[in-house]
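Visitor: Line order of the protein sequences matches chains A and B.
The numbers in this note's numbering rise by one with no breaks, and the one at position 194 of the first sequence is 194.
Residues are numbered in this note's numbering as their position in the second sequence, beginning at 1, plus a constant of 303.
Careful: at least some of the hints might be erroneous.
As the list claims (entries may be wrong) - Short derived list, chain A residues pointing at chain B, Cβ under 8 Å:
| hint | residue |
| --- | --- |
| 1 | Val-13 |
| 2 | Ala-28 |
| 3 | Val-147 |
Because the hints were derived from the structure by calculation, they are not lab data.
Here the structure is a predicted model, which means the values were calculated and not measured.
All C-beta atoms, glycine included, are put in the ideal place defined by N, C-alpha and C.
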Amino acid sequence: MRAVLRRIGTGLVVLWVAATAAYLALLAAPGSTVDTIVGDGADTPAIRSQIITEWGLDRPAVLQYLDYLWRAAHGDLGRSYLLQRPVSAIVGEQVWPTLKLALSAAVLGILLALVLALTTRRPWVRRVSSTAELVVVSTPPFLIGIVLLSIFSFRFGLFPVSGDHGAAALVLPAVTLALPIAGVLTQVLRDGLDRALDEPFTVTARARGLRESAVLVRHALRHALLPAVTLLGWLFGVLLGGAVIIEQVFGRPGLGQVTLTAVNSKDMPVVLAVVVLSALVYVVLNTVADLAYLLVDPRLRRS
Amino acid sequence: MAIRPGVLAAAAFLGLAAVAAAVPSLLSGDPLAADPLHVLQAPSAAHWFGTDQLGRDVFDRVVHGARHSLAIGLAATTIAVTAGVLLGVLAGLSHRYADEAITRGFDALSAFPLLLLALLFIAIAGPGTVSLIIAIGIATLPHYARVVRAQTFVVRRAGYVTQAVAYGGSRARLVVRHVLPNVLGPVPVLAMIGLGEAVLAAAGLSFLGMGPQPPSPEWGAMLSDGRGYLRIAWWASVLPGLIVTLTVISLTVTGRHLQHRFEGRDPR
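Based on the sequences and whatever the hints tell you, model everything.
Guide: Pasting the structure below:
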């Protein structure tokens, strides 16, 4: 129980540091906030002073920071400078297309990794698969996307070139995002399987006359899955980062488009919100993974 | 130990890439010379990688692009390694609370996905080569810092450190003479594999338009430029992309080989 509380406490501290770091980065940004909000609109001293009071920019920095933390903790992510709308509404509208892409890629990638790690046990198949994994992991995701696009959309016309209409439009982006994930996960799973197959319990299972496939799936795989669980946080980061690029390649709406537009127009509340939200999800996932570890592996509870 | 042909090929490619980055004129012509009469031509003997939408030779641009892409990756990795080693040693030698504070800092930094952290930095500092370098450098720093911190924990308990303390050497001397050289062991190989990641990240961010601005022949940016002509001229975007892939694979293969060698294990 103490270990659980301690882990959750650490997660909260990390989250606070992350939110603060992001806010400090914002303060360090050159140029004035008022200029960004005014943008290309009407610019008079009266409008400027109105903006300053409306956004509370005349308060001391510490107060603004505390206010930001307080509101962030209550789910209020502030207002977009550019669109003059709550950031949570903007992010909320665009989160679904990205989630759809990320989830289908995650499922596809994990399935592919499981199948590959379990079926490529023979030495030469394994070598081919390892090489393919290395290539896929080292290839920029946008190149995978572009190659798939030129083969399946331009050459054969099987899938739409861009947009987000129907399931067919999801296939190529999801595959593009799934391949690098499958590459890394297969390597991790295969290492785990190798290690589990060296353990004495494998010998016992084989001695009991279990078929090799049963030894693999029922005994070795369970052990191999554990290290893969720690990659949950990493998986999320890759999915989100990859989604930003892949949405661009396939012209899909989503968080990626929102983020890039915000970065290009210096709409800091939106950028800050996306970054802090992604840190939140990462920390939650990592904490859950660590707790799951404690639950599954009693050896860790003793330390 | 026999060196496998794959490793040799990877090392050879890296050598070639290094030459391209150092003296691009040795291998190719002018990357900016436009030729309106020969636009979007397929790869041929005259233009190995074809030409782009302005009639510029894609091969020349790829060769000159090595300087941009590799330099960005190298600079970013240098920042990450230097800061990572310093912070890692600092954390490893500090008392419990200071160590805890620094380590939570790394944790917070790695809670942001690399690409988003870099985008946050670029949103503040504006796009461009320097922003890209610093952004990737900061984002990849915790990786090195963690390894060095763990290594410092081992070294500070070693006999030679205890002896140096007993001889009454100053703290600075202790760190510089005894701790630093001994924690650096795994760093070069990590940095080599990390360089591949940095090159990949830089290409991704340039692809999004956050890196060197046109007409600079950076690999990711070239891919982004050529994308509009994908239907009629795949080579203008696919070939620069393949070079990125080859570079990253070569770095990983060479890095892993060296890693196995230093650890005294047989490479698989």
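Visitor: State the violated hints by number, sorted upward, taking the hints as numbered earlier in the document.
Guide: Result: no hint breaks.
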